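Assemble chain B onto chain A, guided by the hints.
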Amino acid sequence: MTRRAAEVEPSAADLAAACRDDFPILESVVRGHPLVYLDNAATTQKPLAVIEAVETYYRSQNANIHRGVYALSQEATRLYEDARGKVARFLNAREAREIVFTRGATEAVNLVAQSFARPMLKSGDEILLTAMEHHSNIVPWQLAAEQTGARVRAVPMNDAGELLMDEFERMLSPRTRLVAAVHVSNSLGTVNPVREMVRAAKARGIPTLIDAAQSVQHFRVDVRELDCDFLVFSGHKLFGPTGIGALYARASLLEKMPPYQGGGDMISSVTFEKSEWNEVPWKFEAGTPNIAGAIGLGVAIDYVGRIGLDRIAAWERELMDYAMAKLAAIDGLRIVGTARERSGVISFVLEGIHPHDIGTILDADGIAIRTGHHCCQPVMDRFGIPATARCSMAFYNTKSEIDALADGIARVIRMFA
Amino acid sequence: MDLRDLYQETILDHTKRPRNFRRIENATHHADGHNRLCGDRLTVYLRVEDGRVVDASFQGAGCAISTASASLMTEAIKGKTLDEVHALFGRFHDVVAGPDGAAAAAPDLGKLAVFAGVREFPVRVKCATLSWHTVEAALKKQDTPVSTE
Chain A
1 MTRRAAEVEP SAADLAAACR DDFPILESVV RGHPLVYLDN AATTQKPLAV
51 IEAVETYYRS QNANIHRGVY ALSQEATRLY EDARGKVARF LNAREAREIV
101 FTRGATEAVN LVAQSFARPM LKSGDEILLT AMEHHSNIVP WQLAAEQTGA
151 RVRAVPMNDA GELLMDEFER MLSPRTRLVA AVHVSNSLGT VNPVREMVRA
201 AKARGIPTLI DAAQSVQHFR VDVRELDCDF LVFSGHKLFG PTGIGALYAR
251 ASLLEKMPPY QGGGDMISSV TFEKSEWNEV PWKFEAGTPN IAGAIGLGVA
301 IDYVGRIGLD RIAAWERELM DYAMAKLAAI DGLRIVGTAR ERSGVISFVL
351 EGIHPHDIGT ILDADGIAIR TGHHCCQPVM DRFGIPATAR CSMAFYNTKS
401 EIDALADGIA RVIRMFA
Chain B
1001 MDLRDLYQET ILDHTKRPRN FRRIENATHH ADGHNRLCGD RLTVYLRVED
1051 GRVVDASFQG AGCAISTASA SLMTEAIKGK TLDEVHALFG RFHDVVAGPD
1101 GAAAAAPDLG KLAVFAGVRE FPVRVKCATL SWHTVEAALK KQDTPVSTE
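Protein sequences, first through last, are from chains A and B.
Residue numbers are given in our numbering: position 280 of the first sequence equals residue 280, and the series is strictly consecutive.
Residue numbers are given in our numbering: position 116 of the second sequence equals residue 1116, and the series is strictly consecutive.
Calculated from the structure, these hints are not laboratory results.
Any given hint could be a false lead.
[Claimed, not checked] Pairs of lysine to aspartate or glutamate, EDC-like flavour, derived with a Cα cap of 20 Å:
1) K1080/B to D1100/B
2) K122/A to E146/A
3) K1016/B to D331/A
4) K1016/B to E351/A
5) K1078/B to D1050/B
6) K1140/B to D1050/B
[What the hints assert, rightly or not] Not close to chain A: a few residues of chain B, all C-beta gaps over 10 Å, as computed:
7) T1015
8) K1016
9) R1023
10) R1052
11) A1064
12) V1125
Bear in mind that the values here come from a model prediction, so they are computed numbers and not experimental data.
Where a beta carbon is used, it is the ideal one built from N, C-alpha and C, also for glycine.
Extracted from the complex, chain A is given alone in its bound form (with noise of 0.2 Å):
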């Protein structure tokens, strides 16, 4: 019996060559070359569903959600609590709404901090946090130590970038009131076994807060799973516009934490006196909220339930060998995070050329990679680097590109010679 082509599963090393059609942007052409888009952990492209839906949105569905009567309003309330189940079954949590949209996953970890952690916390408690935390996840935990006297605690990693587990359990104490991990380090592309630390916490009564910033558009990730009680996202980061991101968790926390802010929507009733607030999620979701981008972020969830994260996860890993040892092979490059586990990010350095040299000189060649601290400042400490230069990949990128970024680096080192 013959196999018709259609029912042939493309292997993964045709998934970048299948999909780039999807994104307008990657048929760019920057400084007279082709787009080479490396930044990925930045903010990811767009695929022409998610363009196209915030765009019908504004142009055919757009009414204020929540309150009006009438159809229009009905059909974009309809949108976005779609969107909000949309986001619960692709991270598989229990009901929607353990869902609360949020501006991204900045907004969703400093929702925790000051709802679920400020009102708990007592002088001498601590936060424990690990040592390659983005600011976002550094910064919000720092304002809710400062307004009660606790303190934050960095686990410490080693030279490759792998967190010291068995520093981890040592510094779970009495006195930790929650421990914050990122998922995926946005500087080192260390995966981090997050599931271990929540069972090591659980088994504490410590509650968990997963960044899966850097994890959910490279691979399936499943709070309950997981089992943690909180975890952040930005839906740029999967494909989605920029302003919209969502926290999950366990609904009842939800329901013993106060409000984040004040305002409409978040309220059952309201006198002078006093106010009642609305039920959970919407409880922390005062003012009209960012509709189109959570109809977009849903839609942007549909097109990667497509393309299935096990393909991309697939991919990615090929392309992520393939980048490794292309980089590797570059005299005078230097790795920066060199973890077993790791996923979507390469940071490097070369001798003696500072990384904003090496980023400018590539973007004359239509290459884009990101050059800094990358938000993550106590990680360039710990390596004592003022910066690196940071390869990030999406399952669109493809091989030759990584090719052009090796070129693009020789060319540098030509240049300083």
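Relative to chain A, chain B alone:
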């Protein structure tokens, strides 16, 4: 836009072999400069006698543009009065960041003219001006580190 306009031979030379890259033990003025975007950090040392810069130096780590700019600056300001230093910074600033045409209208820049290409790379202007801002801060005796952000 040509990369060679930015990374001119003189700039590459001063990046690889920065001049006056040392500390002045009996400095009358010094200040730290920090470019948060790049992570560039440098310290500028000045010895001023009778209103004239008799020695200038710097130390630190930064990108090619900021290192070369600091190196060439120390050479350029040595021997100049403080008024001349301020005026030179004004002309230099016009060349790298001023309105179009300012570059052509700023004579007497000497070697510093190699930074004219920076204006085509707006995100790098702060790299080129960091050491100059730091000198201004040192002369004002500011205690807090200067930042170009």
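Evaluation of the provided hints:
Among the hinted pairs, K1080/B with D1100/B is inconsistent with the structure: their alpha-carbon atoms are about 28 Å apart, more than 20 Å. For the proposed pair K122/A and E146/A, the alpha carbon gap of about 10 Å is at most 20 Å, so the pair holds. Distance hint between K1016/B and D331/A is fulfilled; the C-alpha atoms sit about 18 Å from each other, no more than 20 Å. Annotation: proposed proximity of K1016/B to E351/A holds, straight-line Cα distance about 12 Å (limit 20 Å).
For a cut-off of 20 Å, the pair hint linking K1078/B to D1050/B stands: about 13 Å separates their Cα positions. Of the supplied pair hints, the one linking K1140/B and D1050/B holds, its CA atoms being roughly 16 Å apart against a limit of 20 Å. Non-interface status of T1015/B relative to chain A is broken: a Cβ of that chain comes within 10 Å, the nearest being about 8 Å off. In this structure K1016/B is not separated from chain A by more than 10 Å, as the shortest Cβ-Cβ distance comes to only about 7 Å.
The Cβ of R1023/B lies farther than 10 Å from every Cβ of chain A, with a closest approach of about 20 Å, so its non-interface assignment holds. Listed as a non-interface residue, R1052/B keeps its Cβ farther than 10 Å from every Cβ of chain A; the least gap is roughly 33 Å. A beta-carbon of chain A comes within 10 Å of the beta-carbon of A1064/B; the shortest separation is about 5 Å. Every beta carbon of chain A lies more than 10 Å from that of V1125/B, the smallest distance being close to 12 Å; the non-interface claim holds.
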